[in-house]
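Undergrad: Numbering (the numbering used here), first residue to last: 561 to 785.
There may be inaccurate statements among the hints.
Claimed, not checked - Taking lysine to aspartate or glutamate and the EDC-like style, the derived pairs with C-alpha atoms no more than 16 Å apart in a straight line are:
| no. | residue 1 | residue 2 |
| --- | --- | --- |
| 1 | K611 | E671 |
| 2 | K611 | D666 |
| 3 | K761 | E689 |
To be verified - Ranges of calculated distance between the beta carbons of each label pair, as one might list FRET restraints:
| no. | residue 1 | residue 2 | range |
| --- | --- | --- | --- |
| 4 | Y640 | R710 | 28 to 36 Å |
| 5 | A628 | Q740 | 45 to 53 Å |
| 6 | N754 | D712 | 32 to 40 Å |
| 7 | G658 | R615 | 18 to 26 Å |
In case anyone wonders, no lab produced these hints; they're calculated from the structure.
Being a predicted model, the structure only gives us computed values, none of them experimental.
Idealized CB from N, CA, C, for every residue including glycine.
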Amino acid sequence: MAVRQNPPGPRAAPPKAVMAITAPPAQKRARAGRPPTLAAPRERILEEAAKLFARSGYDGSSISDLAAALGVSKAAIYHYYPTKQDIYDAIILEVLNGLTQTVGRDVAGAEGGVARLRAFMVGHARYFEQHHAEFVTMLVGYSGMALSEREDAARLRDSYEKRLRAVIAQGVAEGAFRAQDVAATGRAVLSMLNWMVRWYKPGQGDSAETIAAGYFDLLVGGMRA
């Protein structure tokens, strides 16, 4: 109040200590820590990280690289994922969940063991092509997951393989496939499909669906009763 009662006149500059307190460094820190201004930020972080991991590997990719690719600060990424390992594990769980749900719907919409096996194989290949970088991250680096997340991933993987074995067993029960080791056949199907991650390039040559349909014809030709 005493300052307001002084007669008009030039005011002395406030002491430097006061200026330092009233300057806005806190605002700058708050802006740096805000979540990224991205639509669906968690999904975008995982999508871009998968591209980095697929191209440069886990060890060759950094949070700085990811932040630069997204155009956000590192703090913005840490707002959603505390570590690079958390991002890596989330990619694998996300792709396994999505694959299981997508292929499950395709299989449920088909009738009979033969049609369901084709739906499984083609649906798997379609999802793989649509999420190519995520598949590369998963199949090349699955063993690098943190232990608890690896256990979750193993449960999803086992459930997926169980669904495939049930489809093959249905074909055998219907008389469409000759009697065989269902588990070994299931592993052969997944090996054919998953090996594409080693050589397939989206947009070059046949689609992954077309390749899987060819695998199906080749496989079923040797399985028919």
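Undergrad: Can you give the numbers of the hints that this structure goes against, from lowest to highest?
TA: 1, 2, 4 and 6
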